[in-house]
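Trainee: Now for the letters of each chain:
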Amino acid sequence: MVSVINSIDTAHEDMIHDAQLDYYGTKLATCSSDRCIKLFDVTGGQQTLITQLRGHEGPVWQLSWAHPTFGNMLASCGYDRKVIIWKETNGTWGKLYEYPHHDSSVNSVSFAPHQYGLMLACGSSDGSISIISSTGDGTWDTKKINNAHTIGCNAVSWAPATPPNALFDAQSGQQQTLKKLVSGGCDFLVKIWIEDNGQWIEDQKLEGHSDWVRDVAWAPSTGLPKSVIASCSQDCRVIIWTNDGVSNTWNSKTLHKFEDVVWHLSWNTSGNILAVSGGDNKVTLWKENLEGQWVCISEVNKGQGQISDKPASG
Amino acid sequence: MATTSERESEIFCLPVLQQRHVGLSCVWGLGKQLHVYQTQTPPRIVAEKKHITDIPKVDNQEIFDVQWNAEMHDVSRKLVNETHNIFVMLQGQVKSLSDTTLYKQLRKASKQYRAVLKACSLELMQIADLCEDEAHKLKYEQYIQEFEMVQLIWSLCEIIFIDIHPGGLILTPLLDWLRWHFQEGKQKAMEVSQAEQPCSHAHYWESIYRLLLQGSVDNVRKLLALHIHSSSDPFTSVDELLSKMPQWTYQRAQSVAEYEMKWRHWREECIRRYEAGEFAAYTQLETIVQILCGDDAVFREMKDHCETWYHLLVSKLFYQNPTVRLTDLTFDIKPCQAVYSLPSENFPELDNILQAALEFDIHQVIKESCSFLSSRSWWFVSHLADVLHHCGQLDPQKLPFGSNLREYLLLEYATALMSHKSLWQVGVDYLDFCPVFGRAYLESYIEHIPLDSEGKAHKILHLCQERDFTAQAQSICKVMGMRCLQQERLGSALSWFLKSKDAIVIKQVTDRFLTEYCEQGKFSHLDLIDHLGPSMLITNSLTFLGKYREFHSLYNSGDISAASSLLLSLISSRLAPKTFWMTMLMDVLPLLELSQVVLDVQKTYEVMYCLEELQRDSTDNYKNLADSELDKLQCLRKALAKNLSRAIIEEGSVKLVS
Chain A
0 MVSVINSIDT AHEDMIHDAQ LDYYGTKLAT CSSDRCIKLF DVTGGQQTLI
50 TQLRGHEGPV WQLSWAHPTF GNMLASCGYD RKVIIWKETN GTWGKLYEYP
100 HHDSSVNSVS FAPHQYGLML ACGSSDGSIS IISSTGDGTW DTKKINNAHT
150 IGCNAVSWAP ATPPNALFDA QSGQQQTLKK LVSGGCDFLV KIWIEDNGQW
200 IEDQKLEGHS DWVRDVAWAP STGLPKSVIA SCSQDCRVII WTNDGVSNTW
250 NSKTLHKFED VVWHLSWNTS GNILAVSGGD NKVTLWKENL EGQWVCISEV
300 NKGQGQISDK PASG
Chain B
0 MATTSERESE IFCLPVLQQR HVGLSCVWGL GKQLHVYQTQ TPPRIVAEKK
50 HITDIPKVDN QEIFDVQWNA EMHDVSRKLV NETHNIFVML QGQVKSLSDT
100 TLYKQLRKAS KQYRAVLKAC SLELMQIADL CEDEAHKLKY EQYIQEFEMV
150 QLIWSLCEII FIDIHPGGLI LTPLLDWLRW HFQEGKQKAM EVSQAEQPCS
200 HAHYWESIYR LLLQGSVDNV RKLLALHIHS SSDPFTSVDE LLSKMPQWTY
250 QRAQSVAEYE MKWRHWREEC IRRYEAGEFA AYTQLETIVQ ILCGDDAVFR
300 EMKDHCETWY HLLVSKLFYQ NPTVRLTDLT FDIKPCQAVY SLPSENFPEL
350 DNILQAALEF DIHQVIKESC SFLSSRSWWF VSHLADVLHH CGQLDPQKLP
400 FGSNLREYLL LEYATALMSH KSLWQVGVDY LDFCPVFGRA YLESYIEHIP
450 LDSEGKAHKI LHLCQERDFT AQAQSICKVM GMRCLQQERL GSALSWFLKS
500 KDAIVIKQVT DRFLTEYCEQ GKFSHLDLID HLGPSMLITN SLTFLGKYRE
550 FHSLYNSGDI SAASSLLLSL ISSRLAPKTF WMTMLMDVLP LLELSQVVLD
600 VQKTYEVMYC LEELQRDSTD NYKNLADSEL DKLQCLRKAL AKNLSRAIIE
650 EGSVKLVS
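Which chain is which? The protein sequence lines are A and B, in order.
Numbering of the first sequence is given in numbering that gives the first Met the number 0, commencing with residue 0 and proceeding in unit increments.
Numbering of the second sequence is given in numbering that gives the first Met the number 0, commencing with residue 0 and proceeding in unit increments.
Chain B with its partners taken away, still in its complex shape (with noise of 0.2 Å):
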């Protein structure tokens, strides 16, 4: 069972005095982020009732904006959006690929994770010898060099957990790994190998050493040909050892007991030759066939030309005992590690992470992970355990924190981001794939994303349509409508309360919009309100907007007795506000003076019915009716009883006494 990764905690230190009474308190921001400011302690309250009267005085009351992991230069942003993709991909892969299809993918993926650190890497290096700010350049070579560490540990972690060939030799991929990062004996070799007089070179030996303590055998033999006396014998003999030492391939299918015969075969021949004096002229040629041979003792001269205990040992190993399995590299590990009395460096941190990855330990990286690097250790961790959780490698338990590892990990990662103002996206694709916490965390986190822009908005909100997150969804809405309205936009509001399907706010629009016509004696947002469609329904007022913008169009296209009706039955329906009634009334006058009788008696009385109702109303509160108002009712009543007459001899509705 994993052990916690016990960070250390982070002390940090704001610059103000100690001062009696005065503390620290603080209120969370964004993200990591807290504002720290000082306060009075005991409180006020309590300070009165214990008689603590020097109240103490603060010259600058500040509010100080404390935050971790702020540092995202733009290789950083580069990181986390390409490896973005590859982490995706990959989360879709696992659900679809069957195992062993899906082994292939995350090997690919581990590499393609490497190769993005060692674009970021490269990019770094060369921002930093363009930069020309001390201060600035001293920070660039420190991330290099901590990506350089991240990537030292990623490709040992691939070749012991994830890139894992079970037929093969553990060294093969282990001196490839040494090649790969220490690449001074290469860089000698090339100054030695352009030089005139080579031999002569001062890093001639040193580079062969190098050279060949990572099984670059054939780079040796080069450089041990451009020596002056290359043709004499010791010479020729070592040559003749190096091109015969066995080489481990796969297309020969051999096995691994036949390969170690071999190999034993050849260092005897080593052994009797060295024994034989063949190389006693040159001392540098017998410190190699020493090599060659396993010697413990020469192994430890070498100890500068490994510079680390893990060079040397995967050196040592390969001549002493090649055929070494993985589990048994743990046996050797503390020897190499006396050799050297400092660790590397000055990060000891990087030595037991991979001292730990050589002893298979994986929970062990990934704990000393956690800690070491700290900012800038979330990505790496995080997504190696990804990979490491699919491989099968992390123990998948759920922990008593309620995840298991991999999501306790994604979600620090995650949330480290959503506090970004741009790569928030990033972090709501990671929280994705958190399966216990994620929805959670991101329904809180998307809350809390400003919506600057309507773009944005949009954006966010088609985020939650996606994940059904209806409450954020709706709030958004209401959130976007509320400006809107408060900036007067009516159209764009309507727009918004519909999304939100919200009936209460939806009403307040409409009746704003009511209110607008009323003042203005037009509508402004006509095709919005032409296209409300099944919206309309939502509340009573939408459904009347729908209806009298209906009313109003049918009475301009001239179909006056569809006109009518619909404006009746919108009065008798009663659908209106009150406020609006007034105008509504107003609009039946036209149809009034009509050549012909548009209204029938009952639809004439029902419209006297409402008007009564209206003065009836406005008599109670008077005073909302004003002289022009009251003025168009008295012209109101008095057509409405011409139409009555005219509708009742039309009709014959009433008995005409002869």
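Isolated chain A, as found in the complex (with noise of 0.2 Å):
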């Protein structure tokens, strides 16, 4: 049964481009058009006004929170080509650093797993990828991707962390921690990257979609070896892809063709739900059910009328 519980007057002025919550699902930050990033508490059920970021000079396509072991910090990434790191000391939120060496407008950032430390990415327009990290003592060290994908690159998305016992290299007798990245263009693909010594290189290359990739989202672990990535696309399609952890080969499935172009998906804690939002103006949620088939298990519309009554506290 869907309720809404309640709702949260951002007071933006212009179009609400992307929204996050933190790790600890109290703190909610809304970016926007207007250039303004809005940070509110959301604890209880009640939901204030914490502070007003503004340092982008255009709209702010995304945001992304990293880990508490950081401190309350958060990534914006905009059409001004800039990616800021924001952080909150002593109660003061402020900018930590600006990264400004991207030709064209940054449409995607993400932050890495915390095992990797202080490390995000960020795909632009200009086609290429940044992964960019600090050790915490002040300097900055950047990767560059570059030509990531011709034409522009709409979405980068981390793998999780291999958990501690899963990879072992067998000669050293070392564990060692593989990051991977996947990320999707304007030229139909999604890609996945590795990094091999110090250096990111292209993996795999998916292809499947017909038109501009929008989103790639990769499934948080569920404990089984195998890796799920989703990726949606003008072509109006999502699809999942799959690979057993044991060989290279990647399985794709679409999900479903919808009606519309689909801007964005993500996938919830546990891995298991997808959530998928598109021009068709719905949000639908899709499950794999026992027979391992994805089905839709809710829709959120658009309806005209009055809101609902909030339901009585039991």
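Hint data in this document are derived by calculation from the structure and do not stem from the laboratory.
C-beta: ideal position from N, C-alpha, C; glycine also.
Misleading hints may appear alongside valid ones.
The following label-pair restraints were derived from C-beta to C-beta distances [what the hints assert, rightly or not]:
#1 A:Gly90 <-> B:Gln125: 44 to 50 Å
#2 B:Pro589 <-> A:Gly137: 33 to 39 Å
#3 A:Asn196 <-> B:Lys420: 55 to 61 Å
#4 B:Lys397 <-> A:Glu12: 19 to 25 Å
#5 B:Lys637 <-> A:Thr91: 46 to 52 Å
#6 B:Pro14 <-> A:Ser209: 35 to 41 Å
#7 B:Pro14 <-> A:Gly70: 33 to 39 Å
#8 B:Ser572 <-> A:Thr134: 22 to 28 Å
#9 B:Gln519 <-> A:Asn146: 52 to 58 Å
Take each chain as given, in its own frame, and dock them per the hints.
Mentor: If you want it as structure tokens, here you go:
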């Protein structure tokens, strides 16, 4: 049974492009074409504005929260080609670092699993992906993957950190954390990148879409050795890519062909439900059923009329 | 092979207007929560490329917090908590008990679950009675109805799948089931028997019929005895028939065949008396005897007293075919359903579930139950499936999604609890018993539980340690440590970081401690530092901290020689961070001013070397040393020189030219 618990009036002056909840679900960050990033405290069903962050000179496209071990930290990217990392120190939010080295709008930003330290990836319309990292002493290191996607890169997403005992280098007997990243671009491709000896190289090229890929999301690990990636495209389809964890091949399955372009998708915490939002003005939730088929379990539509009565608290 | 639980997709409408180029997007919250907001479609960049110029304007950029299964009123919470204990105990028994004892426990667990359901139901009724608000009252009544339905289904499933008595008759427990869930007959009978003239009470005959249809023969006889004409022939005849009705009991160890024969004889007697016209004087008595004879037509007349087809089914079979086997029940289902034109009340799903149970189709029961009662059904379906699974009634096969049906349902239930602010702990226990996915799910969810307080953090940390979630445990310690550090609570930060065993963050804290000492001249958390124990060795700076503190305690206790050797070994080992050297060198000063020579020549040279290194470093970045510090170094230099001379004299290490 679905119910709207409450609504938060963000008072943004222009359209919102992204909203992200922090790790613990206590803070909501929103960004908009009005160049502002707003932070709200959403604990206990209440929502109060914490602060507004201004720093971008154009619409802000996406946000990403860092893991709480780094304190309260948020990254944003926008039309002004900048990636800005914001941090809260002693109760005030301010710019920690600004990365201006893209030639075109930065469309996507995502913090890496915290096991890799302070690291994030961002994809830009100039076709490149930057991986920015810091050891915490104030210096920042960047690695760029140039021409990751011709025409432009629209989305980046990190693979979950491999569990500690999963990967063993047989020769050296040492454990390795294999950093993996997936990106989607205007070349209709979904690509997987791996860090090898400090350099990022292309590991896989997944073909299946017939138009620009708008969003990619690597599913959180579910305990099985397989990996799952979801991608959506202007060809109105969402494709689920699976790798069994043993071989190098990725199988694809079209989740559904929608009536209109699919712009955005995201996985829930346990990686078993996918939320899809598209031009058909709906948000749909998809879940793998007992047979391993993806079925739609819920839909949020637009409808006219009054806001439904808030349910009585027992 | 079970087919999927084909839930209809739930559609929910947000109260926003349709607008050109304005679509919906969302972000996940905790558990089954989405934050949905309106956004520009296509996104601005694409719109520009496509020259879509009419940029939409939305008046209130709101974000809607949409949740599933959010309502968890007090009684639901009680249900969750109490059944949690039963569940955990059962899983333990599954591991440790043999088959036969296990089956006994499973039956017991099933009854315990039902008892909790009943208790919750009663509590809800009390609350509803006291409730004054109409809307709330309606809601409570809805919950009560749902609880009643769940109990109805569960008790039937218990009879058919769990509490099986191979040598027994299925109708015996089914009649009990009827009596338990259809209380109207009993209630009316009470009313009637308390009236002044029972037989003229409006409900007299009705209550007799109802009780008879449930096989409550003794009560029927009592009611008949209240009739004014109860001593007349027809009445005594009926009474006799009723008293002679064969009873099935386990004690007499009669076989089914024997019982059937007895029943046939008895029924022939009923038919004979009926055809002899013994009851012609009273149509109601005739009806009673027709029922006893198992006459088809009369049961159709009785449909209102049965209320539902399943009641009718049991009642009819009791009088027509009392030794019917479970597997043969299905044949009579359709005819009984045909008697009733409409499905029972508004819940055709309930009918389907009960039918599936009576047809012994367990997977259909589960499938139908999943879509029935939507949110509340997860409790019911998952616990029932768990019991059935352990009874061996569920197909244990691994399904394409990766695990079996039981686990699939338990995961649904547990994940719904994980986002609840206090019931997440219950969710943890359930995930522990999901062998394939439980661990990974738990790892993901545990990281997102807000660490509201030290107490909660310790609780979650303990959970992680119990399950060897080393990565999550470390993460929690680091987060808590960071928070303490931000609040300048160095001691707490250090103890959290020590638990995390992460050398880098520990170094951060110890450096802070040392800075604090430099600034304030004392340590703030002596207890902690004194009792570091083996964790001292995790990083150099921590070892240094511990040893430096030891130096202080030695010095303060008067053990100058030990203190000074310790200090000197600390200086020469270069264990301390450079920033601290100044302080340490200054610590040497009082040692040089003692009457006895504490530092020998070698050691004095070492200190001098150290001093030179420090000065050299600082001249490279000479802005680091303030004037006062330069003065201090001068003092030290003088003292060292003086000490050197004294030491040389004492040691006689330099040959004096006479």
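Trainee: State for each hint whether it applies.
Mentor: Here is what the structure says about each hint:
no.: 1; hint: A:Gly90 <-> B:Gln125: 44 to 50 Å; result: holds, 48 Å
no.: 2; hint: B:Pro589 <-> A:Gly137: 33 to 39 Å; result: holds, 38 Å
no.: 3; hint: A:Asn196 <-> B:Lys420: 55 to 61 Å; result: violated, 46 Å
no.: 4; hint: B:Lys397 <-> A:Glu12: 19 to 25 Å; result: violated, 54 Å
no.: 5; hint: B:Lys637 <-> A:Thr91: 46 to 52 Å; result: holds, 48 Å
no.: 6; hint: B:Pro14 <-> A:Ser209: 35 to 41 Å; result: holds, 36 Å
no.: 7; hint: B:Pro14 <-> A:Gly70: 33 to 39 Å; result: holds, 38 Å
no.: 8; hint: B:Ser572 <-> A:Thr134: 22 to 28 Å; result: holds, 26 Å
no.: 9; hint: B:Gln519 <-> A:Asn146: 52 to 58 Å; result: holds, 56 Å
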